[in-house]
Amino acid sequence: MNDDLDSELAMLRRYRNISQSELGKILGVSKTTIHKWENGLSQPRLSPRQTKDLCRALGITLDELPDDFGKHEIQKKLDPLSPPNP
Numbered sequence: 000m001n002d003d004l005d006s007e008l009a010m011l012r013r014y015r016n017i018s019q020s021e022l023g024k025i026l027g028v029s030k031t032t033i034h035k036w037e038n039g040l041s042q043p044r045l046s047p048r049q050t051k052d053l054c055r056a057l058g059i060t061l062d063e064l065p066d067d068f069g070k071h072e073i074q075k076k077l078d079p080l081s082p083p084n085p
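So the sequence shown is residues 0 to 85, counted in numbering that gives the first Met the number 0.
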């Protein structure tokens, strides 16, 4: 996958050299759950503890946490696997 099309969560995770599996273990969720968040297939429902753990793992503050973990709409339009919009 082209990094230009990654979600903010995926970019932050990769910047910290953390795999989806490792982040899942930190948050107590599966690798599949992290994958779904990063691809906009589901929205996270994090407890306050999980939110703090996520910020620590990514080395960011709560204010720096992305509002949306999935790909942005414009990125989805550019994704070669997405069907073109009419």
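One or more of the hints may lead you astray.
[Unchecked claim] Only pairs whose alpha carbons sit at most 27 Å apart, straight line, appear in this in silico DSS-like list of lysine-lysine:
1. Lys51 - Lys30
2. Lys24 - Lys51
3. Lys35 - Lys24
4. Lys35 - Lys51
I should point out that these hints are in silico values taken from the structure, not numbers from a laboratory. Since we're looking at a predicted model, the values are computed, not measured.
Hints and how they fare:
1. Lys51 - Lys30: 19 Å, holds
2. Lys24 - Lys51: 14 Å, holds
3. Lys35 - Lys24: 15 Å, holds
4. Lys35 - Lys51: 20 Å, holds
Violated hints for the displayed structure: none, as all numbered hints are satisfied.
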